[in-house]
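> Position chain U with the ligands relative to chain X; hints supplied.
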Amino acid sequence: MPDDARKLYRAERDVGPAPDAPSTLTVHIDGQPRTAVAGETLLQVARRAGCDVPTLCHDERLQPTGACRMCLVESSDSRRLVPSCRHPVQDGLHVQTASARVLRHRQALLALYAADQPEQIVPGSELEVAMRRHGVAEGVPSVTSARAGRPEDQNRFIQFQPDRCILCARCTRYCDEVEAVAAIAVGHRGPETTIVTADMRGLLDTTCELCGGCVDTCPTGALVEKKAAPRQMELASLPTVRTTCGYCGVGCQMDLSVDRDKGQIVRVQSPPPGTTTNDGNLCVKGRFATGYVGHPDRLTVPLLRDRATGQLVPSTWDEALDRAHELLVDAKARHGAHALAFISSSRATNEENYLAQKLARAAFGTNNCHQCAAT
Amino acid sequence: MTNAITEIRDAELLFVIGSNTTEAHPIIAMEMKRAVLRGAKLIVADPRQTWLGGWADLHLQLWPGTDVALLSAMAHVILAEGLQDQTYIDTHTENFEAVRASVADWTPARAEAITGIPAADIAAAARMYATTRRAGIYYTLGITEHTHGTDNVFCLSNLVLLTGHLGQRSAGLNPLRGQNNVQGANDSGATPVFLPGYQRVDDPAARARYSAIWGREVPADKGMNLNQMMHALRDGDLKAMLVVGEDILVSEPDVAGLDRAVSELDALIVVDLFLTETAKQADVVLPAAAFAEKDGTFTNSERRVQRVRQAVPPPGQARPDWQILAALLERSDVEPVRGVATSALTPALIYQEMASGTDKFAGISHARIENEGGLQWPCPTADHKGTDFLHQGGPMRGKGLLVPVNYRPSVERPDADWPLCLSTGRTLYHYNVATQTKREQGLLDRHPGCFVEVHPDDASRYGLHDGGRAEVSTRRGAIEVDVHVSQRVQTGMIWLPMHFSEARANLLTIDAGDEVTGTAEYKVCAAAIAPR
Ligand code: SF4
Ligand code: SF4
Ligand code: FES
Numbered sequence: 001m002p003d004d005a006r007k008l009y010r011a012e013r014d015v016g017p018a019p020d021a022p023s024t025l026t027v028h029i030d031g032q033p034r035t036a037v038a039g040e041t042l043l044q045v046a047r048r049a050g051c052d053v054p055t056l057c058h059d060e061r062l063q064p065t066g067a068c069r070m071c072l073v074e075s076s077d078s079r080r081l082v083p084s085c086r087h088p089v090q091d092g093l094h095v096q097t098a099s100a101r102v103l104r105h106r107q108a109l110l111a112l113y114a115a116d117q118p119e120q121i122v123p124g125s126e127l128e129v130a131m132r133r134h135g136v137a138e139g140v141p142s143v144t145s146a147r148a149g150r151p152e153d154q155n156r157f158i159q160f161q162p163d164r165c166i167l168c169a170r171c172t173r174y175c176d177e178v179e180a181v182a183a184i185a186v187g188h189r190g191p192e193t194t195i196v197t198a199d200m201r202g203l204l205d206t207t208c209e210l211c212g213g214c215v216d217t218c219p220t221g222a223l224v225e226k227k228a229a230p231r232q233m234e235l236a237s238l239p240t241v242r243t244t245c246g247y248c249g250v251g252c253q254m255d256l257s258v259d260r261d262k263g264q265i266v267r268v269q270s271p272p273p274g275t276t277t278n279d280g281n282l283c284v285k286g287r288f289a290t291g292y293v294g295h296p297d298r299l300t301v302p303l304l305r306d307r308a309t310g311q312l313v314p315s316t317w318d319e320a321l322d323r324a325h326e327l328l329v330d331a332k333a334r335h336g337a338h339a340l341a342f343i344s345s346s347r348a349t350n351e352e353n354y355l356a357q358k359l360a361r362a363a364f365g366t367n368n369c370h371q372c373a374a375t
Numbered sequence: 001m002t003n004a005i006t007e008i009r010d011a012e013l014l015f016v017i018g019s020n021t022t023e024a025h026p027i028i029a030m031e032m033k034r035a036v037l038r039g040a041k042l043i044v045a046d047p048r049q050t051w052l053g054g055w056a057d058l059h060l061q062l063w064p065g066t067d068v069a070l071l072s073a074m075a076h077v078i079l080a081e082g083l084q085d086q087t088y089i090d091t092h093t094e095n096f097e098a099v100r101a102s103v104a105d106w107t108p109a110r111a112e113a114i115t116g117i118p119a120a121d122i123a124a125a126a127r128m129y130a131t132t133r134r135a136g137i138y139y140t141l142g143i144t145e146h147t148h149g150t151d152n153v154f155c156l157s158n159l160v161l162l163t164g165h166l167g168q169r170s171a172g173l174n175p176l177r178g179q180n181n182v183q184g185a186n187d188s189g190a191t192p193v194f195l196p197g198y199q200r201v202d203d204p205a206a207r208a209r210y211s212a213i214w215g216r217e218v219p220a221d222k223g224m225n226l227n228q229m230m231h232a233l234r235d236g237d238l239k240a241m242l243v244v245g246e247d248i249l250v251s252e253p254d255v256a257g258l259d260r261a262v263s264e265l266d267a268l269i270v271v272d273l274f275l276t277e278t279a280k281q282a283d284v285v286l287p288a289a290a291f292a293e294k295d296g297t298f299t300n301s302e303r304r305v306q307r308v309r310q311a312v313p314p315p316g317q318a319r320p321d322w323q324i325l326a327a328l329l330e331r332s333d334v335e336p337v338r339g340v341a342t343s344a345l346t347p348a349l350i351y352q353e354m355a356s357g358t359d360k361f362a363g364i365s366h367a368r369i370e371n372e373g374g375l376q377w378p379c380p381t382a383d384h385k386g387t388d389f390l391h392q393g394g395p396m397r398g399k400g401l402l403v404p405v406n407y408r409p410s411v412e413r414p415d416a417d418w419p420l421c422l423s424t425g426r427t428l429y430h431y432n433v434a435t436q437t438k439r440e441q442g443l444l445d446r447h448p449g450c451f452v453e454v455h456p457d458d459a460s461r462y463g464l465h466d467g468g469r470a471e472v473s474t475r476r477g478a479i480e481v482d483v484h485v486s487q488r489v490q491t492g493m494i495w496l497p498m499h500f501s502e503a504r505a506n507l508l509t510i511d512a513g514d515e516v517t518g519t520a521e522y523k524v525c526a527a528a529i530a531p532r
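Line order of the protein sequences matches chains X and U. Taking my numbering, the leading residue of the first sequence gets 1, the next gets one more, and so forth. Taking my numbering, the leading residue of the second sequence gets 1, the next gets one more, and so forth.
Just chain X, with the same shape it has in the complex:
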């Protein structure tokens, strides 16, 4: 062990953790002084001040690229408009986020994006929301882009619709920087530029882990959950329910879009980055493996073993619960409480586990209560 490294480490620890508070500065956003921290961007400060600055290629989790130009603002350190998502704060800057010049730019740019999209923009997408909130300049004729697609992809979860892609590269940066498997990239040239995989293979034949983070981050709906794709235009109008994933112990929060009439989960999304522990991310199971919930194999009625035939046959709840209770009481009467075992589930809720041990202890007088995979 290098001795000086050790000393250094000790010295560092003796003075306690490094102070986490960097120096603060002042920035004037739309005339109001705001405190900021060195290293922050204009966008971060403006949003904290409540300004409505639209963005398309920006995602808090990713390195900014400044590709979409949607977030341009006026800043006293530049004669041209600057992309606020990657423009660092400086002490004393004066920033205009809603000047006439900025608004003109915004509406013109949105018009260009709109012209390049299929006729109906996906409701609820960041692009559509930006258009609704900031308005679209008139007089830009629509264009047909020659963006190349990928051949029919066998994967069942993720669909790419090249005509909706604005090449913001959020999906590819997500795949590189967050999921870190680099399954997709921006490829080809000129008007053919699109999102590619190695040799244009289907996602199943790439390093893709089917996390679907690319779908969640896409601002236009060019990437969409395959199963929900036929209903893409109504997805935003479906009610959502915030719940906790039922798979592993990370406890990701997720928003289920629900079709109340059919009693179905239509798609699963992560809450926005920065709001919950999972920071906008989900894994393949949480996002895509909810098919078992409405699966035809589900049990829908209680079953009782018929004493004559030995078969399991449907019964009413009362019969089934009475029989269950009676069997446990009998076994206890004949063999004592220690001959009973209650196996609860590490997948059931806290409330259910509580009632399971209460049933073992309070009702049947035994501590024989445990669950599977008690890590």
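A hint or two may mislead.
Within a straight-line C-alpha distance of at most 25 Å, the following computed DSS-like cross-link-like pairs (lysine-lysine) qualify [stated by the list, open to error]:
(1) X:K262 x X:K226
(2) X:K332 x U:K280
(3) X:K332 x U:K385
(4) U:K360 x U:K222
(5) X:K227 x X:K262
(6) U:K385 x U:K360
In silico contact screen, one side only, chain X against chain U (beta carbon under 10 Å); selected entries [to be verified]:
(7) D77
(8) S78
(9) L81
(10) G124
(11) G249
(12) D259
(13) L304
(14) T349
(15) A360
(16) C372
Derived by calculation from the structure, the hints in this document are not laboratory data. By construction, the Cβ of each residue, glycine as well, lies at the ideal position given by its N, Cα and C atoms.
Then chain U with the ligands, alone, in the frame of chain X:
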């Protein structure tokens, strides 16, 4: 976990052991990758070459079941080179001399002979860990699913206490819980030794507390843990079982013997979503609601209690487990929640009753979570914010106990007849016994069935080829699976996932369990393999 998940990204060093994090806890792995991209050092110890191992500064590919040897040698290096935090040890721990003595002759060279990891790597790992300030340890079933699982955990906590890497952000000792609510199930008292909030059943005061809440005496008998239950079942000492949401005939070790034992039970009652292997044997099968069909709370690995909310109705007559259990309690003349009519029962009220008997959750309620989002316990009062990392300013129990540990080999090791070491685990695309995930075609596309990973050397030795079929057998049984020839495993070891009921890995595994936790040794047994 002693620390919160979002602290991972600020770590300066991650020591990941016995955890295939990218596959079993993908979201935590994302945070780990994020830390590495920000410059954190990464040490991975795993018998297999895992995906995260490819990112590591040091990948310690130890022989399965030799964790204690590795960790003892790391402690040895730390003490031999004076890298410990003596001030922390003196003020906050007990039993230092015993541990110093127990690791005294665990030189890296000795550990190399047992673990197969070069001594220099062991020493390097120890130095790296000891000399980095925000250094966190992360582990899962690769540490606990052994007969010496508790020893493994003691070794890890020794490392933490010797270096004082506790009670600060991004450090600590962090078990990543396997199933979604392992943490919560234990918190809620579904264990033979603890009442809710880890209050010991053998503590009369704790029993008195819940006896008063329930209006029923809490029994004082020594209950069985799962492993003991399975032994009692095999021995014919169990006569009746209620099984909620688990397919024990697929998930438990050495299942061959269990099939018969279960069929001889006087009573088997199963509550589940599907007609599982276990449910097929039951006298009564009660159809349950899935997570998206009910209300309640789950507690994640970082002790955060979060809401589960009903989004869709259960199919047909299926009901949430809590309603089923409440109906059974009622039939035993026990009020599911004291003073609440069963018709007025809600998960919120159930939580309230549970929390009323323990300081750990007393400040948590459904209403608060609704307003504030998930809360991390300990949270003793309604105005307490919850606790993100534990043991700030010294270990919670007063002094951290250092525990000397002796290396004990796994119960079953390879020999002439069973020449290979078999380890089992999980993949990204399936979950446990795949009751849920095998019903999602998009996942089956990636992993349609069971497979065994075999090192190329062993493949040629035993005449196996990639994509072919093989029979894997142990003293307990045999299954037929696909062959994946892969460098991910070491020569002399094979690995297979435990997800598939068609090829039940647990026909092979050994039911020896850890004495303390009852967790079975899924990670090591002796096996043979032959082409099919
Ligand atoms: S699903 Fe995840 S891994 Fe696959 S391409 Fe999208 S971001 Fe990359
Ligand atoms: S698919 Fe979506 S996220 Fe990816 S570049 Fe196109 S618009 Fe952006
Ligand atoms: S959001 Fe700033 S350039 Fe795209």
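> Confirm or reject each hint.
For each hint, the structure was consulted:
1. X:K262 x X:K226: holds (19 Å)
2. X:K332 x U:K280: At roughly 23 Å apart (the allowed maximum being 25 Å), U:K280 and X:K332 satisfy the hint.
3. X:K332 x U:K385: Roughly 44 Å between the alpha carbons, so the hint for X:K332 and U:K385 is violated.
4. U:K360 x U:K222: At roughly 24 Å apart (the allowed maximum being 25 Å), U:K222 and U:K360 satisfy the hint.
5. X:K227 x X:K262: At roughly 15 Å apart (the allowed maximum being 25 Å), X:K262 and X:K227 satisfy the hint.
6. U:K385 x U:K360: holds (12 Å)
7. D77: Hint violated; X:D77 Cβ to chain U Cβ min 28 Å, cut 10 Å.
8. S78: Violated, because the Cβ-Cβ distance from X:S78 to chain U comes to roughly 29 Å (cut-off 10 Å).
9. L81: Hint on X:L81: violated, closest Cβ of chain U at ~31 Å, above 10 Å.
10. G124: violated (18 Å)
11. G249: It holds, given that the least Cβ distance between X:G249 and chain U is near 3 Å, below 10 Å.
12. D259: Hint on X:D259: holds, closest Cβ of chain U at ~9 Å, below 10 Å.
13. L304: holds (6 Å)
14. T349: holds (3 Å)
15. A360: For X:A360, the interface hint holds, since the closest Cβ of chain U sits about 8 Å away, which is under 10 Å.
16. C372: holds (4 Å)
Going down the numbered hints, you'll see the structure goes against 3, 7, 8, 9, 10, while the others check out.
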